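Below, each chain spelled out in residue letters.
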Amino acid sequence: MSTRLASGGRFLNRDRAVEFRFNGKRLAGYEGDTLASALLANDQMMIGRSFKYHRPRGVVASGAEEPNGLVNLGEGARFEPNQRVTTTELFDGLQATSQNHWPSLEFDVGALNTHLARFLPAGFYYKMFMYPRAFWKHIYEPFIRMSAGLGKAPKERDADTYEHFHAFADVLVIGGGIAGLTAALEAGKSGARVIVLEQTAHWGGRALVDAPGIGGKPAADWVKNAVQDLEKMDNVTIRTRTMGAGVYDHGYALGYERLTDHQPEVSGPRHRLWRIRARQIITATGAIERPLSFAGNDLPGVVLASAVRDYAVNFGVSVGDRTVVVTNNDDAYRTALALRDAGLVVPAIIDARTQASGPLPEQARAAGIRVLTGMGVAKVKGSRRVTGVAVCAQAGEGAVLEEIGCDCVAMSGGWSPVVHLWSHCGGKLTWDADQAMFRPDAARAPTGADAQPFVIAAGTANGHLRTAEVIADATEAGRAAARAVGGRVRATRAVAATDEDEAAMAPVWLMPQGAGIALRMKAWLDYQNDVKVSDVQLAAREGYESVEHAKRYTTLGMATDQGKLSNINGLAVLSQALNAEIPQVGITTFRPPYTPISMGAITGAARGALFQPVRQTPIHGWHIDNGADFEPVGQWRRPFAFPRAGETVHDAVTREILNTRSNVGLLDASTLGKLIVKGPDAGHFLDMLYTNVMSTLAVGKCRYGLMCSENGFLIDDGVVARIDDDTWLCHTTTGGAERIHGHMEDWLQCEWWDWQVYVANVTEQFAQIAVVGPNARKVLEKLGGMDVSKQTLPFMQWADGTLAGIPARVFRISFSGELSYEVAVPASQGRAFWDAALEAGAEFGIMPYGTEGLHVLRAEKGFIMIGDETDGTVIPQDLGLGWAISKKKSDYLGKRGQERSHMADPNRWKLVGLETLDGSVIEDGAYAIGEGVNDNGQRNTVGRVTSTYFSPTLGRGIAMGLVLHGPDRMGEVITLTRTGGGSVQARIVDPVFYDKAGEKQDV
Amino acid sequence: MLTLTCPYCGVAADETELQAGGEAHLKRFGPGASDDEFEGYLFVRENPKGVHFERWRHAYGCGKWFLAARCTVTLEVFGTYPAQSKEPPAHIRKAITAKRPGWTWREFA
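Chains as they are written, first to last, in the numbering used here: chain E, 1 to 1003; chain G, 1 to 109.
Be a bit skeptical, because a hint or two may be false.
[Unchecked claim] The calculated lysine-lysine pairs, modelled on PhoX-like cross-linking and capped at a C-alpha distance of 20 Å, are:
1. G:Lys49 - E:Lys428
2. G:Lys27 - E:Lys895
3. E:Lys790 - E:Lys701
Treat the hints as calculated values from the structure; they're not laboratory data.
Everything numeric in this text was worked out from a predicted model, so none of it was measured.
With the sequences and hints as input, model every part of the structure.
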């Protein structure tokens, strides 16, 4: 059983016990524990169930690479699934539950899948769920959805806060082990600005577990001094609990700092995302030990040899009382020796190599540990945890020579440098056959804007496994980075280091090498996604020769751990199955982040009200005070309607419309885009931008205009006013102001740069208030200050003046069909004008109306709305707007596009009005049904509804839609869809439902 | 996350400050153009593995459009220059030739 040792544990504070819960059970650990070490100390070997077969699983590693130890952490608004127990620091009150099982961890129905394993091979989904097609929706999809996903998504809003931090560095060092500290010291001494990130809570990395001598001192002392030296340097910033998450173009890097995960009682942001621009990046990210592929290598109790050692030395925890070490290298002997030193039993070291004669094996033999060379594990015994191993000859097919009882198997298949961050931005790898590892190829480093390398791998991450080599390599890396950023480097002797010599490792990709199918089906490669040796071999047999294809077919390396333990082993199995060399098969792409980072960290402060700025008009406060029902329009919030006490929103809309038609309404139209276009060539420029002619517009007059993209599609519309000889004011849609401003700038800067035109976006400089309805003139006359009579200010003209003592520009334009004045006043006086208009209008029945009223009023008049009648595929000709397209102009943006055969096709759907026979309101997005069916057996459609409303003015449903040959079919009845079945019949009519002659707006 | 230097304000701008605008040096075809010419102008784009010319706008800076010559493979930036250029300026072309002898891109070399 796994337990706490009486002594040891260099991270522990044994004076402080910590209480936590796992699946509701109250357990105790110490300050300094990770959740993994604390669970092991409580003999909680089984921590979760595997994804596909629901097999019992326990921790296999001690760090970020852990594939099995995933739990739900926290509760309610702090619930988070898939948290790795190995990187979760223990704190008082921690609550964790195991995942992927039902009804309980110990008894799980899904575990039946393990017996179905032979029916669930690689590519099972692709093969099983193809036929019959009728099963897709109601049988296969629910099944897949039920089985998909690991852990549960949080249901509540995240209670924590997060933040972003922008930082700049000459040299960013990722990794705070021996290599990272060495490189940082070198770079720091040169005067360069240095940032050092270490993902764990401790400096020094794994080296301290094995305690080599560095610079004539114990490694721990050297690390302590190095950190102190770095802290003294003003030009150096160091951070623990901060993972280098990704390396991107031109020296951009992400750091992920976990501030309060280990101390939830502390206030402040939980995570901080460091957005770093670095001139040079040193990846001193160490290496990860590889598992060995033998049958039963996924049982709780089979743990990486280095992790067994970590738990003993760092946390004073023994994974088992009797540990069999299985290895292909000398390093794993350190585990046997460490366990022996801790007073535990190591019945045997099973070494796949035919010889083991280096200093470490000799030390093991001298300590009385039995060393079996040329041997392998045929099979691990046990069902929910290890009870023993069956030993066989590595060269054979798995005939069992003896069985050894044990409760822990410490395995080591050699080491893989962590090349992720090197590779994120294009760093290439080279295959080191001697050490059977991919290592960074310095000749093909990621390059920056100046084509010079900006990433340097250092130490173990660069393929150096010996401490002396690590220090020499990291010293040179630190100096090279310093030189690259112009730092002063003084050549001094690199620090010396001592550790035991190691003999060569021997690659072992399958144990035993001739294992039959029964063993291969139990030899796991990817623990988290349940991919076995047999799956990868099947993929190769079925033709998935590309490593990227085999990965996706088998899901190898696609789980949340991204194959940190499995990729190289899987690749080796694939290359053997393909009878190719490993470097020829290649490796899958490494993508950031290195380990999952929280969504909260990515979001930072951009949540809730800060997610995006909400734009408010000068009258917004009044809208809030008067109970407006808001809707988002672009980044603005506009009142949809102003419901009164006892009214529904629909009631309010109806009241507002009827009142506007019969008395007078007031609309806050301040969001309307207002662009000043000025200069000697402004008229010419606008003639190119609008489909109609704007240069001939007389000063003082207004004209409605359409703007198209070069494709010919309608992109915006609005009223243009000629202000003076070389100045025009272009109104755009609310959502279009910035876009159309950008559109104008683009053409002016990039195509017609010799034209003398200046554009200014003055949208927010003015409040614009529409006074609309038969009594509108009376209201303005009462406000007083300027002549607003029909004679002085007729329809489609504008005038400057004063209203209620406020300087105003009054446009006689109408989007409702009523007598209408749009009054622009300085933004600072918008609210004052609004209040004055309400007061003056009281006796004439004035009421504000919202955007829904605006929409219905315009639809009753058959006016189009950008975004309703248009969707990026509609040209003005489709909408019966030919009258607004100049025939005389030789060119405008979109003219050539509209001449294309498809745009001139008489079968394009065209705009008409629709009136239901029964007066009901057609559903949004309804389709007009045609004859026959298409190739997919679906009914053909001959049109679609673009706007549909209940018209209070007409007391019935009205709609506009694009219909095949619509304008030629006036009076015909067509059938429209209804969701949930049924249909509705509607007559094709003129889209102008109200005041067809346009008399009411021109009075 | 590229960094490009705006040739107008001289700022080495992070990609988050910039708006990408697609390919540079397009020749506009309007009314009177053949279908092929118009198709080429609207839709046909280079997709090079290597030297490329692009439009960028310093959208959250000075607001100016500029052009960038860079390598799509290595992310090397050969230079940036004003949008008011009918062709890559000589010093940009020279810089590219120094790094990528024999390069061609549309009608430029």
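Exercise for the section: Mind checking the alpha carbons of G:Lys49 and E:Lys428 for me, to see if they're no more than 20 Å apart? Expected result: Distance of about 18 Å is within 20 Å: holds.
Exercise for the section: For the pair supplied as a hint, E:Lys790 and E:Lys701, confirm whether the alpha-carbon distance does not exceed 20 Å. Expected result: Measuring from Cα to Cα gives roughly 14 Å; hence the hint holds.
Exercise for the section: Please work out if G:Lys27 and E:Lys895 have their alpha carbons no farther apart than 20 Å. Expected result: Distance of about 16 Å is within 20 Å: holds.
Every hint from the earlier list agrees with this structure, and none is contradicted.
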